[in-house]
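We have chain A already, so just place chain B on it with the hints.
Which chain is which? The protein sequence lines are A and B, in order. Residues 248 to 580 in the working numbering are what the first sequence lists, from first letter to last. Residues 248 to 580 in the working numbering are what the second sequence lists, from first letter to last.
Think of the hints as simulated: they come from the structure by calculation, not from any bench. Do not take every clue at face value.
In this list, chains with the same sequence are indistinguishable; a pair is considered to hold if it fits within one copy or across any two.
Stated by the list, open to error - Computed list of lysine-lysine pairs in DSS-like fashion (alpha-carbon distance at most 30 Å, straight line):
| no. | residue 1 | residue 2 |
| --- | --- | --- |
| 1 | Lys526 | Lys281 |
| 2 | Lys538 | Lys501 |
| 3 | Lys281 | Lys538 |
| 4 | Lys522 | Lys281 |
| 5 | Lys569 | Lys526 |
| 6 | Lys329 | Lys526 |
| 7 | Lys458 | Lys329 |
| 8 | Lys569 | Lys538 |
| 9 | Lys569 | Lys281 |
| 10 | Lys476 | Lys569 |
| 11 | Lys538 | Lys526 |
| 12 | Lys522 | Lys569 |
| 13 | Lys281 | Lys521 |
| 14 | Lys477 | Lys501 |
| 15 | Lys261 | Lys521 |
| 16 | Lys261 | Lys569 |
| 17 | Lys501 | Lys476 |
| 18 | Lys281 | Lys261 |
| 19 | Lys521 | Lys569 |
| 20 | Lys526 | Lys476 |
| 21 | Lys281 | Lys477 |
There are 2 protein chains.
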Amino acid sequence: MTRSGFSPGSLAEKVLAGDRSALGRAITLIESGKSEHQEQAHAVLDRCLERPRGDSFRIGITGSPGAGKSTLIEALGLEILKEPRNRLAVLAIDPSSTRSGGSILGDKARMERLASRQEAFIRPSPSSGHLGGTSPRTHEAILLCEAAGYNIVLVETVGVGQSEISVEAMVDYILLLMLPGSGDELQGIKRGIMEIADGIALTKTDEAPAKSVANSRSAFASALSLLPKKHPGWSPSVIPVSSVNGEGIAGIWKDMRRFRSVLGENGLFEENRKKQLDKLFRSQVDELLLKAFYANAELRSSLPAIAAAVRDERVSPFSGAKRLVESIIRSPR
Amino acid sequence: MTRSGFSPGSLAEKVLAGDRSALGRAITLIESGKSEHQEQAHAVLDRCLERPRGDSFRIGITGSPGAGKSTLIEALGLEILKEPRNRLAVLAIDPSSTRSGGSILGDKARMERLASRQEAFIRPSPSSGHLGGTSPRTHEAILLCEAAGYNIVLVETVGVGQSEISVEAMVDYILLLMLPGSGDELQGIKRGIMEIADGIALTKTDEAPAKSVANSRSAFASALSLLPKKHPGWSPSVIPVSSVNGEGIAGIWKDMRRFRSVLGENGLFEENRKKQLDKLFRSQVDELLLKAFYANAELRSSLPAIAAAVRDERVSPFSGAKRLVESIIRSPR
Numbered sequence: 248m249t250r251s252g253f254s255p256g257s258l259a260e261k262v263l264a265g266d267r268s269a270l271g272r273a274i275t276l277i278e279s280g281k282s283e284h285q286e287q288a289h290a291v292l293d294r295c296l297e298r299p300r301g302d303s304f305r306i307g308i309t310g311s312p313g314a315g316k317s318t319l320i321e322a323l324g325l326e327i328l329k330e331p332r333n334r335l336a337v338l339a340i341d342p343s344s345t346r347s348g349g350s351i352l353g354d355k356a357r358m359e360r361l362a363s364r365q366e367a368f369i370r371p372s373p374s375s376g377h378l379g380g381t382s383p384r385t386h387e388a389i390l391l392c393e394a395a396g397y398n399i400v401l402v403e404t405v406g407v408g409q410s411e412i413s414v415e416a417m418v419d420y421i422l423l424l425m426l427p428g429s430g431d432e433l434q435g436i437k438r439g440i441m442e443i444a445d446g447i448a449l450t451k452t453d454e455a456p457a458k459s460v461a462n463s464r465s466a467f468a469s470a471l472s473l474l475p476k477k478h479p480g481w482s483p484s485v486i487p488v489s490s491v492n493g494e495g496i497a498g499i500w501k502d503m504r505r506f507r508s509v510l511g512e513n514g515l516f517e518e519n520r521k522k523q524l525d526k527l528f529r530s531q532v533d534e535l536l537l538k539a540f541y542a543n544a545e546l547r548s549s550l551p552a553i554a555a556a557v558r559d560e561r562v563s564p565f566s567g568a569k570r571l572v573e574s575i576i577r578s579p580r
Numbered sequence: 248m249t250r251s252g253f254s255p256g257s258l259a260e261k262v263l264a265g266d267r268s269a270l271g272r273a274i275t276l277i278e279s280g281k282s283e284h285q286e287q288a289h290a291v292l293d294r295c296l297e298r299p300r301g302d303s304f305r306i307g308i309t310g311s312p313g314a315g316k317s318t319l320i321e322a323l324g325l326e327i328l329k330e331p332r333n334r335l336a337v338l339a340i341d342p343s344s345t346r347s348g349g350s351i352l353g354d355k356a357r358m359e360r361l362a363s364r365q366e367a368f369i370r371p372s373p374s375s376g377h378l379g380g381t382s383p384r385t386h387e388a389i390l391l392c393e394a395a396g397y398n399i400v401l402v403e404t405v406g407v408g409q410s411e412i413s414v415e416a417m418v419d420y421i422l423l424l425m426l427p428g429s430g431d432e433l434q435g436i437k438r439g440i441m442e443i444a445d446g447i448a449l450t451k452t453d454e455a456p457a458k459s460v461a462n463s464r465s466a467f468a469s470a471l472s473l474l475p476k477k478h479p480g481w482s483p484s485v486i487p488v489s490s491v492n493g494e495g496i497a498g499i500w501k502d503m504r505r506f507r508s509v510l511g512e513n514g515l516f517e518e519n520r521k522k523q524l525d526k527l528f529r530s531q532v533d534e535l536l537l538k539a540f541y542a543n544a545e546l547r548s549s550l551p552a553i554a555a556a557v558r559d560e561r562v563s564p565f566s567g568a569k570r571l572v573e574s575i576i577r578s579p580r
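Chain A extracted, bound-state conformation (with noise of 0.2 Å):
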């Protein structure tokens, strides 16, 4: 039984039948640091995803505090579900700070008209940590999500580095947003950011002055044309949107669902989707396997007097790890 006194079967369930209350909690199970609630959702995924399931297209928005992602996501979230057929979730990793453990933005509403549509599913994610990035937890939300029915799932993410290299590993399509004449567009320090992108939106055009939204976009579009391609057959492009008057929202979906059927019929799409799921399989691996070793008695016992030896640099921290791993594995030979 889950702490909600739900058993994961019936929890399962009520996912699948698309009851938000009941992704909500089995969200929050993922997320939580205990082993115990984490065993629990993924006995819920687990159940999930023995089910067919639809087509699904997972994206990324991301981009530096100030760019705009919320009202962007806000506008983009509206044009989608002017499709009937889609539903859409969104997570929204909030990015705490490291340190202070403070938080910069707000929660739902930040986007209020998105909020209260039904076909819409909004959830804040600590990033506990993880500077500005998808939380750990990430990819198993973004599966429970299309196993409640969100055929459509963004995932917001603070453009900062590391984290959109993770953000990678578990989207389909990713927005890079940037403000028309910050001087990003010439600064090295985007280049890592800018060879994931998909597609660039210019964003708060209209705020700017038109010659330089026009700069930017040209920059931009001669930065990416210098980039080695992600996926053979795409080029993305740069796009002026502006979510208070909303010019490229259209645009920008348009370039979504056109990335989506030109890496569907090359292949990439599902090539790409088997290759994520690879890597989330060896997170998992690896995860498991240090749990077990660290639940192992004799290591718990041995643990705590070398590294003690260590601070105090009586054993170096190399000598150190192998005596212990040693005495409890053999060498492998």
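For chain B alone, coordinates are given in the frame of chain A:
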């Protein structure tokens, strides 16, 4: 015997004697992907760590590309070498792009005057997929440099978020480089990075109007005053510098020495070092544990089939991982 034909013992002797090419070889061993090379390097390090060592000071230098890291490191390095007892090692992390494998920075040519000094050792290291960050072996490379008698170690990284978090785990003092008037001070994105800075250098002040320098300085100072203190007893300063006309370079080195003495007196310097050693030890334990696991014959034979089933969605990543791990370890009870 190492691949260079030295036994770990004789290589360690040469490193301890300050032999530059031996130090270079030892770092190359550490950075090698081959585990037998790493084992040899750890054997060298173990020998080195047995000897009593003098004081050392480890300094991280971080900032966006274009902030002037190389020129500042050269100017600061020459300032540090004005004290005859100092020997300086510079570990310059080469921010190879994760995707293209390309390299933005050059090599020692960037720090020509410093490179020509006998008391300086400059080592560019590939960051190998760690976006702009420290390589996983940087901590070990620092220890090797110290064993070779370099009492000051500068570690250069590119400011993209996660990398500063990892350099924080291996240096005593972090200097953050910022361009005046870059607008960085207004963006929340730098917050996570500012929180780990022990000092801020406003660079290239010779190129900026005095007013813009003054504005940036007070903006950073007030931003710093709002952040939680990283170390009790230490408030980071904002120091305008020019590597061209030498402004502020001596001031930065003075600030660093003051930090060393303040934190030496209140015991935090030593405490921080112990924590860092502990972190290195624990990451070594995880690494060895996983290596031992993946060397297990049973695991190696069942992994491919389960991985294929996961990729084809016949098994979920979670139950696949569980099945694999439980096939070789009994569940802890």
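Hint check:
In this homomeric assembly, Lys526 and Lys281 come within 30 Å of each other (Cα to Cα) both inside a single copy, at 22 Å, and across copies, at 22 Å. For the identical chains of this complex, Lys538 and Lys501 are neighbours neither inside a copy (45 Å) nor across copies (46 Å), given an alpha-carbon limit of 30 Å. Taking identical chains as interchangeable, the C-alpha atoms of Lys281 and Lys538 lie at most 30 Å apart whether they share a chain (12 Å) or sit on different chains (26 Å). Both within a single protomer and between protomers do Lys522 and Lys281 lie at most 30 Å apart by alpha-carbon distance, with minima of 28 Å and 25 Å respectively.
For the homomeric pair Lys569 and Lys526, the shortest alpha-carbon distances inside one copy (27 Å) and between copies (15 Å) are both at most 30 Å. In this assembly of identical chains, Lys329 and Lys526 lie within 30 Å of each other by CA distance neither inside one copy nor across copies; the values are 34 Å within and 51 Å between. Taking the shortest Cα distances, Lys458 and Lys329 never come within 30 Å of each other, neither inside one copy (32 Å) nor across copies (51 Å). Proximity of Lys569 and Lys538 under a CA criterion of 30 Å is satisfied in both settings, with 18 Å inside one chain copy and 11 Å between copies.
In the homo-oligomer, the alpha carbons of Lys569 and Lys281 lie at most 30 Å apart both inside one protomer (29 Å) and across protomers (17 Å), since each shortest distance falls under that limit. In this assembly of identical chains, the alpha carbons of Lys476 and Lys569 never lie at most 30 Å apart, being 42 Å within a copy and 36 Å across copies at closest. With identical chains, the CA atoms of Lys538 and Lys526 are at most 30 Å apart both within one copy (18 Å) and between copies (17 Å). Taking CA atoms no more than 30 Å apart as the test, Lys522 paired with Lys569 passes between copies only; the shortest distance there is 19 Å, against 33 Å inside one copy.
When the C-alpha separation of Lys281 and Lys521 is checked against a cutoff of 30 Å, the pair qualifies both within a copy, at 28 Å, and between copies, at 28 Å. Within a single copy, Lys477 and Lys501 get their C-alpha atoms as close as 19 Å, which meets the 30 Å cut-off; across copies the closest is 46 Å, which misses it. Taking CA atoms no more than 30 Å apart as the test, Lys261 paired with Lys521 passes inside one copy only; the shortest distance there is 27 Å, against 49 Å between copies. For a Cα distance limit of 30 Å, the shortest separation of Lys261 from Lys569 across copies, 24 Å, qualifies, whereas the shortest one inside one copy, 48 Å, does not.
For the identical chains of this complex, Lys501 and Lys476 are intra-copy neighbours only, at 20 Å inside a copy versus 47 Å across copies, given an alpha-carbon limit of 30 Å. Taking the closest pair of Cα atoms, Lys281 and Lys261 come within 30 Å of each other only inside a single copy of the chain (23 Å); across copies the shortest separation is 49 Å, beyond that limit. Proximity of Lys521 and Lys569 under a CA criterion of 30 Å is satisfied inter-copy only: 19 Å between copies versus 35 Å inside one chain copy. In this assembly of identical chains, the alpha carbons of Lys526 and Lys476 lie at most 30 Å apart only when taken from the same copy (22 Å versus 38 Å across copies).
In this assembly of identical chains, the alpha carbons of Lys281 and Lys477 lie at most 30 Å apart only when taken from different copies (29 Å versus 37 Å within one copy).
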